[in-house]
Every structure is written in C-alpha cells, then in structure tokens.
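Visitor: Start from the sequences and build out the full structure, keeping to the hints where you can.
Single-letter residue listing:
There are 4 protein chains.
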Amino acid sequence: MFITFAKKLILNKRKIINDPVYGFISIGSDLLYDLVDHPYFQRLRRIRQLGLADIVYPGALHTRFHHALGAMHLMSQALRVLQEKGNLIWELEMEAAQAAILLHDLGHGPFSHVLESVVIPDVPHEAITLAMMKDLNRQMNGRLDIAIQMFEGTYPRRFFHQMISSQLDMDRMDYLNRDSFYSGVVEGAIGADRLIKMLDVSQDQLVVEEKGLLSIENFLHARRLMYWQVYLHKTLLSAQAMLTQIMHRARELAANGDQLFATPDFARFLYNRFTLADFYQQPDLLEAFNGLDDNDVWASVKGWKNHPDLVLSTLCEMLLNRNLFKISFFNEPPGEEVLAPLRAHLTAAGVPAEHMDYFLITGETTNSAYAKEQDPIRVKMKSGALLDTADASDLPTIEALTKIVRKYYVCWGKNVSLRG
Amino acid sequence: MFITFAKKLILNKRKIINDPVYGFISIGSDLLYDLVDHPYFQRLRRIRQLGLADIVYPGALHTRFHHALGAMHLMSQALRVLQEKGNLIWELEMEAAQAAILLHDLGHGPFSHVLESVVIPDVPHEAITLAMMKDLNRQMNGRLDIAIQMFEGTYPRRFFHQMISSQLDMDRMDYLNRDSFYSGVVEGAIGADRLIKMLDVSQDQLVVEEKGLLSIENFLHARRLMYWQVYLHKTLLSAQAMLTQIMHRARELAANGDQLFATPDFARFLYNRFTLADFYQQPDLLEAFNGLDDNDVWASVKGWKNHPDLVLSTLCEMLLNRNLFKISFFNEPPGEEVLAPLRAHLTAAGVPAEHMDYFLITGETTNSAYAKEQDPIRVKMKSGALLDTADASDLPTIEALTKIVRKYYVCWGKNVSLRG
Amino acid sequence: MFITFAKKLILNKRKIINDPVYGFISIGSDLLYDLVDHPYFQRLRRIRQLGLADIVYPGALHTRFHHALGAMHLMSQALRVLQEKGNLIWELEMEAAQAAILLHDLGHGPFSHVLESVVIPDVPHEAITLAMMKDLNRQMNGRLDIAIQMFEGTYPRRFFHQMISSQLDMDRMDYLNRDSFYSGVVEGAIGADRLIKMLDVSQDQLVVEEKGLLSIENFLHARRLMYWQVYLHKTLLSAQAMLTQIMHRARELAANGDQLFATPDFARFLYNRFTLADFYQQPDLLEAFNGLDDNDVWASVKGWKNHPDLVLSTLCEMLLNRNLFKISFFNEPPGEEVLAPLRAHLTAAGVPAEHMDYFLITGETTNSAYAKEQDPIRVKMKSGALLDTADASDLPTIEALTKIVRKYYVCWGKNVSLRG
Amino acid sequence: MFITFAKKLILNKRKIINDPVYGFISIGSDLLYDLVDHPYFQRLRRIRQLGLADIVYPGALHTRFHHALGAMHLMSQALRVLQEKGNLIWELEMEAAQAAILLHDLGHGPFSHVLESVVIPDVPHEAITLAMMKDLNRQMNGRLDIAIQMFEGTYPRRFFHQMISSQLDMDRMDYLNRDSFYSGVVEGAIGADRLIKMLDVSQDQLVVEEKGLLSIENFLHARRLMYWQVYLHKTLLSAQAMLTQIMHRARELAANGDQLFATPDFARFLYNRFTLADFYQQPDLLEAFNGLDDNDVWASVKGWKNHPDLVLSTLCEMLLNRNLFKISFFNEPPGEEVLAPLRAHLTAAGVPAEHMDYFLITGETTNSAYAKEQDPIRVKMKSGALLDTADASDLPTIEALTKIVRKYYVCWGKNVSLRG
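Residue numbers (UniProt numbering), protein chains in the order written: chain A, 1 to 420; chain B, 1 to 420; chain C, 1 to 420; chain D, 1 to 420.
Be careful, since some hints might not be right.
When chains are identical, the list treats them as one kind, so a pair holds in a single copy or across two.
Cut-off 27 Å, straight-line C-alpha distance, at most; resulting in silico cross-link-like pairs (DSS-like, lysine-lysine) [said to hold, decoys possible]: (1) Lys382 / Lys414; (2) Lys414 / Lys15; (3) Lys134 / Lys234; (4) Lys414 / Lys134; (5) Lys326 / Lys211; (6) Lys134 / Lys382; (7) Lys403 / Lys211; (8) Lys372 / Lys382; (9) Lys85 / Lys234; (10) Lys326 / Lys85; (11) Lys382 / Lys15.
Since the hints were derived computationally from the structure, they do not count as laboratory data.
Guide: So, in structure tokens, the structure goes:
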C-alpha cells in the first residue's frame, strides 16, 4: 500500500514479450503498458487458463495473463487488417479495443467455474470484471471510457463489441489457439492467421470474406474437437467434480464454525457470501478478491489433507495424488440401474448415506460447435450480401456442426475408503 | 493415508501423454507407470522448472513433472539409437535408465536454489533425491536397485551414468529444449533430435560420432545463449534476489518467535533447520518435504503482504505486483562509488541501516558453455579414436566456448518506501 | 549404361535423411537402401508430388521421392505401434511393407493426371508401377516377392495391404501431411502422429481404437479441406486444363507429322501410343519411361512457346507467364447461357471455331471426404466389436462427411488473342 | 508475344500468398504486384534457390521466386519496426525498398555459380540483374528509379542499401531462414523475428540495439553452421563439381561444332560467349536469358546421357542416378601423395590422360561467419555509441567467428568406367 508507483510516469513504455504461440507480443501504447503493469492484471499471472486441465495435459499450464496478452495481440493484428481493407479506425479506438480485450477476464476467480459457483455463487464473473474495469477507469481518470463502452456493447460502432465478444471474437481465437498449443492437441489448431486475414466490416458488422468459408468451417470443427478432447475430457470433469465437492464441504464446515486453514483473503470469501452490491459498497472487497488465485486453492487443499473431517481430508488427499474418481458418459440420464450398485459399493467402503453426494456425482454437458441462432458468424458473399455461415456454405458439414450434442455423466470414488 | 492404492495392481498400464515439445511421450512399463503415479512424483506437477522465470517469459510455466517425463522420453529414444548401432542393452537396463532419469529431480524444493539455500541450507537437493529414491525402492521391494546404481554412478556400465548426469545427459537435453520452447526463446533450440541420432558407446563411454561435431557446437552455443538470455536474465536475478530476501526475513522473524502464516508442512521447515540425518531418522520428514511446492511459497508471500513487519510486507507486495528491484551488471566487483549513492537513496527512502542488506544486494554469476576439464564430451573420430570435443574440432569457436565468463551485479529497490 | 554399381555391395548402408516434416527419416535395411539408390526411384526426385500446384502455393514443390520416403517412415512408425500392442510382425514383413509403400508411385508420369491421360492414355499408372516393381524384383533376384504380394493384395495377412492402400493408408497420411506442410495450408494438418498411435489390428483388419474417433473425424475433415483448398483450387484446375490442352495440341501436331522440340525420351511417347503389352514386350520402354520427368514437360513448353502453330505457342506463353484462364464453378452443368457469351468473346479474340475447345473447357469435380461403402475405416470399440466409423460415432458430422459434393466448372482464356 | 496484358490495368491487386516459413506474405502495392506478375519475376519460379542441394536435403527445393517474396516480406516487417521506433519512412521509400529486394536476384542463372561461371563467364549476375531492373524501369516508365538507386547504393539514405545488401540484409535473413527450414537443418534457425525487432537506424546506418547482441551472435553462429552443414556439404560440392564438368565438356563439344540437344534459348548461350555489352546491344538477349531455368539444365543432362561422347554421357548418367564422385577435405592443398593414386585408379578405369581433369577435381572453400573488416554489423550501445559487433560483445565467441576457415578438397569418380 505504501509503495509509490513512481515509475508509472516514465515515458516510452514500449515493450515486446516472448510468446511461444505468436513469437512476440508488442504492447502498443503507454495506457496498455500501465494496464498490464497494474496489480489487477498482474494477478492473472497466478490464474491458469484451464484450471485443472494439466492433470490430463501436463503442458496446459498457461495463465489468463498470457491469454489476455495474446488476445490483445490478435486484436491489433485484426484491426490492422481491417484498416488495410479501407475501414477507418482511429488510434483511440485501436487502443480502446485492445484495452477492452486485455481486461475482459479480470473478474475470473481461480479455477473459474469451480470456484465461482461455490464460493461466490451470487455474482457472475462478468459483473466483477466490470466492477474492476470501472475501478481502473476511476484510477486512470476516465481513460477507459471507450474500452468499457466497447466491452458492454454500447459503443456506437458495433463491430468492436463483436471482436471482443461473439462467436468469432479475439478472446475465443486466442484461447482455442493457445489451449491447443499448450495441451499439445495439435488437431485443435484453428488457423487464426488465415481467419484474421479474411475479416472485414460490412454494415457495421464483423464479417468474413466468402473465400474464408473453409476457414470458418475449420475453426468450428477445431473448436468442437477441443471441447470433447480437452474442455470436457472425462478425467478433467472428474477432477473438477472432486474440487467442487472439496469446496462445498469446506464451506459447509465453515458455516458450522469449523476453523479451516486458509490465506487471509481466501478465508474472507470462504466464511462469507457476497453479493454484487457488496463489491461496490465495501471499498476493500475488490482488493481482497484480487488477492485470490490458484495458490490459495492448492494451499488450502494441501492444508486440509490432514483435517479431521474425513470427507474433506479424503477428497483432498485423493485429488493431490491424482487418485481420481471414475467417470462414465451416457446418452440418457443414468437411472437406478447405474446408480444403485455404485451407492452399494460406496456404502461398503464406509461412505455414510448423508455424505453419499460427495462421492457419487451426476451431471450433464452439452456442446454445439456453432450456435447459429444467437449470434451468427456472418459471411460477406462476393455479391456483397451478408449471409449466416450455415447458409453461405454448400457443404453439408456446417449444418451438422450446429447440432447440439448432450451427454450425461456419473462420477464416483472407486478407490475411496472412509474407514478412518 | 487411508487410501488403498488398489488400482496399482491393474496390469497393462501403457499410456501416452501429450507433449507440445515431442508430440507424445510413452510410458513404457508398469514400473515406470507406478513411479509416475506415486505421490512423490505427482508433487513435481506443482513445482515449476524455472521458478520465477515467468516474470520475464510468461510462457515458462512448465513443471519438473513434465521435464522429468521429457527426459525419460529422450532416454528411451537415445537407448534405441544405441541399440540400432549394435550396442547390447537389456530390457532391465532400459527400464532402469528411464526410472533413474525420471526420478533425478525428486529432491528439488520449490524455486529450487532460492528455497533450498535459505530454508534447507544444510541438505543438498541431490541428497534428498537419493533419500526419496531409496524410500521408493523400499516401497517397491528393490525394483529400483539398478536405477539407483546408475544414478549414483556405481553401475558397472558407466555410460548409463553419463546419460543421466554429464555435459551431454538427457536431463540437460530435455531442459534446454523445453526451457527454450516454453520461454519462446527459439534461438535456444539445441537440435536434440540430431544430437541423439549421433550418439554411440565406445570403450564404455557415451560418445558422439565425428559427423556430429557441428551439432555439439550448436548445442554448446545454444546452452550459452540460454544462460544469458534466460537463466541469468537480469530481471529474473532481481526477482530471485527479492524472494531470497523475503525468505531470509521470514526465517529471521520465525527465529524471533514471530507467528507467521504458513501451510502446515511449510511451517515445519520455516521454524526448524534440518540436517540430512533428520531425513533418515524422522520417518515423516520426507512426507512433510513432499508437501512443499510452489503454492506454499506464493501463498506465504500473499499471506505476508500485510504482515506488520515493514521489511517483509514491502518485499512481498513489491514482488507480487512485479515492482522489481533495479539491477546492473559489472565486469569487476562494484566498489563504493557504485554502492554509496544507492545506500544514500535507500536511506532517504526510509530504509534503516540494519535492514539495508534487504534492499541492496550484490552478487556474481559465472558461466562457461563447455567445462572441458571435468567431464569432456567425447567425439569418436572416423579413425576410432576418442577425442575431447575441443580437440576434435578445427573450428575456433569451440575453444572460445570453454572460456569462463564472470559478471557481478548490484540489485536495489529503487521504488521502495519504508515510511509506513 | 556402362556404369558398374559396385558400391551396391558395400554393407552397412544405414542412413538418415533430413525431413522438415518428420525431422529425420531412417532407411532401415540394405534392401531399402538399394531401392532408394536405384535409378527408378531416383527419377522420383524430378517429379513433383503436386504438379502445377506451386502456381498457387509457391512452397508446394516437394517431390514424389520425398513423399515415398515419408510414407516409408510412417509405415515403420505404424508397424512399431502394432508390435507394441502385441501383434506379431516379422522383420521380413516389416521390410516388405516398407518396400511396397516406397515403390507404390513408381509408375506415375510427370504432372500425373495431365500427362498420363493425354500421353499414355491406355496404360493406368498402377500398371506401370507394377511393371517396374516386377522388373526390380527380377534385378534383385526375388527379394521383392512379399512386397509385391502386399502391394497387389495377395499376401495372406490382409492388413498389410490396407496399410499400403485404403482410406487410412500410409500413402494418404504422408501426402496429406506433406501437402499441407509445403503448401502452408496449416488447417490441413491431419494429426498423423496421434492417428498412428491409435492403430491396431483386429480380425486381420487395420482398425482404429475407439478413443481415436475424434482423430479420424479430424483426419477426414482435414482431407476434405485439402481437396477444396489445394487439390481442386480454381487456379490450379485452370493451369492443369491449360497444360492438358497444350499436350493435346502437341500430340495432334505430332500426329500430323509436325516436327516438335522434345527430349529424346519424351519424343518417343509424344509420337507413339503405347499399350501395357508394349511395356512388357519392348525391353527398353520402361527405361525410356524412366527418362520422363517434370523437366521434359517444362522444357517442351518453353521450346514450343515460339512454335509457328498459334494455338500451341499461345497456350505455352500464357502458362509460362502465369497468364491463366478464368474459371468459374457451378452447381449444375453450365448451359448455353453461360457458354455462348464466352464463345462470342473468344471468336472476337480471333479463336477460330475449330480451335474453340482449346480455349473454352468444361469439366466437373467430385469429392467426398469419406467413401463409406467401398472400404470403411474400421473402429474397434471397447467392447471389441468392429464398426464402420460413421456408425461408431454419435457425432452428426461424420455422416455429413460421407456426402458426395459435385461441382462443374468452365474455364476460358479471357486474355487470349490469336491474331498472330 | 501477341498476348496483351490487359489485366495489368485492373485495380486493387492486393494479394496474400501462403508461405510455410512466415505463414502469409502480403503484396503491399500495385507496383509490387505488377513486378511479381512480370515474366522476368515469374521465371524465378523455375530456378531453385539451392541448385543441386536436394541431392543431400530432399526438401531443399524452394525457388528464388519464393525467396524473393520472403525477403520482401522481411523488408516490410523491418521497415515497420523502424517506423515504430520513430524513423520517418515515406510510403514511396517503403515500396521502393521492397521492390529492390524483390528484384535483387533477377540476373541469376539456373544453378547459379555452376552455370554462370561456365556458360556466361564474362558477365557477373549482378550486372544482369541491373540490366533487367533497368529494362523493367523502362517498361514501367521510371517507377523503379528509387528502387534502383537503393539497389546500387546511390540513394541518399544509405541504410536502405544496407537493408538490401550487407551482412545483416533482408536477403541473407530470408535465405538463411528459408534454407534452414526447407533443408530440415533446424539448428540453422537464425531467429529473424527477434533480430528484426532489434533493428534501428542511427547516423543513417542500419544498427542493432545493444540488447540484441546475443541475437547477432546467434545469427552469425547459425550462418556458419549452414555453411558447413548445407552450402559446403561434401556431397553437394561433389555434385556441383560434376555438373560444372558436364557444362565444360558440353561447351567444348559445342565449340568443336558438335550438335548438342538443347532448348532453343539454352543453345544460344551454349554456342556463344556473351559480354555485358551484348546484353545492352542485342535487344532480345535479355529475353533469351529469361528463357533459361533449371529445366534447361536437367533436360540437357538427360538429353546428353546417351551422347556418343563418353566423357559427357558418363558424367550425365552418373549425376542423374546420384552415382556421385567421392570427395575428401584437407587442411592443406593435397599433394601428389594424394593425387597420384587416384590418377592411377582412374587410368585403370579407362580414363585417358587428356580427360583426367573431368574426373579428378581439386578445389578450395573458405568461410568466415563474420567478415569484420568490409562491412561491420553495427551495434547501438545504450550510451548511443555505435560499435562493431566484435567490439561491443564481451563474449569470446564473436571474435572466434571472424576467423577465416579454409579447406581444400579432392573430388574423383571412384565408380567411373570409360570402357564403352
């Protein structure tokens, strides 16, 4: 707190950063440099993009920090392409769009969906992002006004918002690219380079030139593959279910007045349930939130592995040593013919009925590679007309990619023993 | 503790693991699978190979877990090459050499040199590695006997030890390769693929065929570049110096009876000073050591950022927000003409004389790309003779690479303010 | 003729070859080395895999020589995987399968389909390949017996033939991989590495493990993309049409007794029309065929650019300077409303009616990514059952990939002027 | 001749070209597009950058066409970096520098040094390049004035010339990059990306920032490696020596009035000996020169393989079937103790004394990675001073890289038999 950020006044902050994915990322202005340098953004260094995915793909350790820089890089590439095609883009817009994409994930907690759903269930991460952006804007005397408008979708030129948030935004392009690269799932490469060269603006919409149709299809296909191969990988779903149950149990114990090991900032969230209003009314809550990262979660799991509560300590020990729950997929919700034998097994392993839900978990996942209705990817035909991708292509596969695929799963602790 | 590792008995544990560096890594036997699966090895998932280096290279987040798997992969590649050249290698030796290289880094603590030198100053990490390997061997009923001999250098066929530990070992090949890949410093690529194709055994020594001379030179050159560009990068040295001072201060406060936030396992090491004998005499000390990883350090730094001790909290806050010490290199040890003004600056910033050493640090680094004397890289000439690389080459650069380069540095907190 | 191949007797011919695609390719036996060294195989150095495709993708210059080596490399990788999964494969089979895939394209002429259809219209290239393999087998005293059986599909273990020729053969895997790499169409990457790891043999059929389903789908998708983006690229079709017309005109002139510049070997084919029987009856015809490569075609086109026949010289000049015909695609065969105006334009440009077909060309192309009926890609389910890929997957896209897409095109010389 | 290039008038010629090395290359202006489209530049499609090198590295088939495009791409990247660092560069200069680098190799014949030294020994290729650039400038009404000044070094701002021709020019960066990529010699990667980011202009000189010192050293090292591993590879030197002797013999026979098969354009050069004055005085000589490419050479070698002259036909047959001369390197010029036995062997093989020089060839090669004197690579120190690289570095290796390494070789036809 007592540190004066005198260096912030130094001019000429141009910097290039090594990136295994793109070679180099340039930070293109002093404002962008100051944002990267801010503690809110530096926190993202300590939050992995893919949470627990390294349990399956040991290379998938990249952070939200790196992802946000990469998305900023793609934004600058894409805007340059748009300029070269004759679209007028002001320097201020260029900077604002990069700022917006840089900050778009600020409000994510560690292990995003796991933590957010259990520990801060009442406040969506987008709302926290916006609160942090507004706080930054205040600290920076309004220099983020346009960036926030672009982020919220209120900036008059709508295509900027589509570049930040749509089915073909720079966020998605970078994360698919980066997740594919670091997981080593090379088949997930989306060809971002070519896609970006094909972008244009027409009728204030972000569009793809007709000759980029195969590139879009490839992008959707790669995205689908990444879902099934990485994001919804069975082992990862199992580990996430375990961490979710750990957090549920910890909160339950906390609510019962149990004393749990935790870093100071994490303890605050473990022992309270905050609303969005709290974030705006308690001046130091954002700062406490900014104290949360992956280390708090792992330190807790390690600190709890010897906790007297058998449910908590068993789950922690199993996760730490990668002794994971079994998981099976089903096309229909699994019935008693599936669940009853598992319950019997767990009961025999010492799991009491009231704790059964911690060791036998059901869930569902859905995925469609291309959600046609909500926000189509628009193609500019040589005739000038704008078509939805699925209508522009005469290939049968794009239509197939719009189908929603739904799967159900059961996840259970095969090697559990609760006989203390 | 109460978990039974029943799954360990399942047969047929072949597995392939995605690796962005090599494509796929195969785990070639049940023994190797069991080693990877063991909590001692799983801990390495939570220890980064390059410690703080992501502060400069945001992609450099790879773990010792991934590195050890990669080294095992190169070992199997190299042994296969040796076999194809007519060297007899038994399956048991093949497995043992892979086991040895897999486990060679078990005893590293988090942020290795930083932590090890301050927190466990009396026990070198190699000694802990050996203790852990012996403990594993006990658990596995002697199945690691040969691997341990190879690791220690007592196995009769000496070239196996050279593949595990020498100037051209698989450890080094993987880490240079991997560090170059993840940092994005592409110039550091060592051409491991070709080097391995050039390996052979002659007179029980690991050698390189004469036609691989350029590859060796390239390897040494790349290694040198990695030192100056990555391992000894100014900003990284500065961050390491800061973390070292944080740990010194924490131990000082702990020794004075101060109550410091820490995970249970880390607290044990923070409040005690263990010897190697302790590791063999206290049955649970290895387990506690196995509880230490990067998360303990970061959780502590975060937990201490509001500690009442101004030295500790200032250093923690600065490191967390990447507000790093300035650093300068010198060819001679810097004298008072350099240090006096810095001391004056720090005094003016409120640093009292007795804490000056926390904010003004001097040190030195040395590097020679090829240490000719100790353990030469041997080249098998077409004539059959074995020569030291530097003698085998008629190019003037290899000789130059044996020179030791020494640099001195001063590191100081330019933006510090200790006026609480 | 008078050269004695004494070096053929030297032992120990192991060799590794640099390959930008796979790193290194090893030649695994003396027989394979001798095949690579033979003039029949060395000719493939001078025949590009993709014919005229460098007119669109300037990097796509790779030869059938390199492709055949690459396919041999994949074959050895795949066979090793099969071995590791417990399939017994003899060394002789290993060598024969590699020999067969190495030689599978021997009988291709330069600019394969273009030249073969016009210059040797009565003999399919597979028949010439077989004639050359038999001739080699004779020269090598029967050492290719098994390889030829595998190639023809008469070897008892059928899966070997499937690895040489099927919808998932090593030929296809290498060429898709290699064509994608050299054209720079990165979206066409098929993930060969992973596909090969998923191969197995069941009921004497080459199969893919169930967990490789996404990899197959990705493979089919990438293949489809390569067709539309590379093999059937409009500009390439146009250039091929032009070269075809050049060859038609040259043969027409030759048939009329015109004296045409040509290398001696090419002249023989230009002035005669051979049958398969000729290849077996005229002892030197194979040797003359082996004298044909890309250089003959380009040298001819250059030699003919000043030929007095205006049709021939105009077409050659246009192709040499990349002044290509226009081309348009249609979903239905184009009718007179399309063709009549083009004919009028060409007539006005001086093209006489009897030569109209040289400057106005129609054609059709079809493509289906997965030809389900003829030769399914079999998936081994965890249950042990073998299913056709399209039945094994519950994803809607594989079904879509079996659809046949048919397109029609018109190609015409927009910038032609025949007023000499 | 009768083709009207009407399409040249079409506007909006922007185009992107796939490049496996850089992803995509953009053609940035109509002038550049017209240059690429011109027959002078299209010829480069048919001339390989590395001549015969594919005999060792089968992937090394890339053309001068692709190289020139790549160099143009790097030029645009580098100029953009210079702009971002505050150097004013006009659009016209940007275009001219790209045009100059695009055209810098126009005057190369096929198999450059081989052909040029034997077939056009009196006219250096640079002089032909200039003649072609001037001819283009005439056709384009002076639009290449600045480009030609930059190429010749007469343009007032000297750093442009240094970017076209110096030890750190874009030509060299692209060819080292590209040759490394296509040969598969990954160790030759120069890190062009980073080098370019480090460029600046100071005192009208092209300089590298001090923090790029390691990158320069890496560049020089990679360049040295490429020389010994690729450009001066023994097998390649041998093949080049053979092709040189083929051309010598062909000219000798031609001078004696022998009738030799050749394409019309090649025949003109084979039967005449032109001076630079001829190129300016004979209006169609440039056009004939533009008719020469790799196909002429290979077609000739193939056409001559049955020529009655035993020297010519033997050499051609051997080269075609990769039955190459043996070659040995020496540190001193080899004396009679080396040559006499070889001569005896060849005499026994039927080589008459008067033809001995065709089958027993001596030569020398020299290489220094960094030619310090002639044209230093300048480093801008943080102090602002400009230093020669060798003086700016305190590493001992750069000094070593300035040493000139000289080697002598003997090359002879071990498997020759001239008994017809």
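Visitor: Classify it for me, Lys382 with Lys414: is the Cα-Cα distance of at most 27 Å met within a copy, between copies, both or neither?
Guide: Answer is between: at 20 Å across copies they meet the 27 Å cutoff, but 58 Å inside does not.
Visitor: Given identical chains, is Lys134 near Lys234, meaning Cα to Cα at most 27 Å, within a copy, between copies, both, or neither?
Guide: neither (38 Å within a copy, 35 Å between copies)
Visitor: Please sort Lys326 with Lys85 into within, between, both or neither, judging by C-alpha distance up to 27 Å.
Guide: Answer is between: at 24 Å across copies they meet the 27 Å cutoff, but 53 Å inside does not.
Visitor: Using 27 Å as the alpha carbon limit, work out where Lys372 and Lys382 are close: within a copy, between copies, both or neither.
Guide: Within one copy only: 22 Å inside a chain, 34 Å across chains, cut-off 27 Å.
Visitor: Check Lys414 against Lys134 for me: Cα-Cα at most 27 Å, and say if that holds within a copy, between copies, both or neither.
Guide: Neither way: Lys414 and Lys134 sit 47 Å apart in one copy and 30 Å across, limit 27 Å.
Visitor: Could you figure out if Lys414 and Lys15 sit no more than 27 Å apart (CA to CA) within one copy, between two copies, both or neither?
Guide: between (51 Å within a copy, 20 Å between copies)
Visitor: Can you give me the call for Lys85 and Lys234, within, between, both or neither, at a CA distance of at most 27 Å?
Guide: This pair counts as between: shortest inter-copy Cα distance 24 Å, intra-copy 44 Å.
Visitor: From the Cα coordinates, with 27 Å as the cut-off, is the pair Lys134 and Lys382 best called within, between, both, or neither?
Guide: Neither: 42 Å inside a copy, 39 Å across copies.
Visitor: First find the shortest C-alpha distance between Lys403 and Lys211 inside one copy, then the shortest across copies, and answer within, between, both or neither for a cut-off of 27 Å.
Guide: both (24 Å within a copy, 22 Å between copies)
Visitor: Under a CA distance limit of 27 Å, which applies to Lys326 and Lys211: within one copy, between copies, both, or neither?
Guide: between (46 Å within a copy, 17 Å between copies)
Visitor: At most 27 Å between C-alpha atoms: does Lys382 with Lys15 qualify within a copy, between copies, both, or neither?
Guide: Answer is between: at 16 Å across copies they meet the 27 Å cutoff, but 40 Å inside does not.
When each numbered hint is compared with the structure, violations occur for hints 3, 4 and 6.
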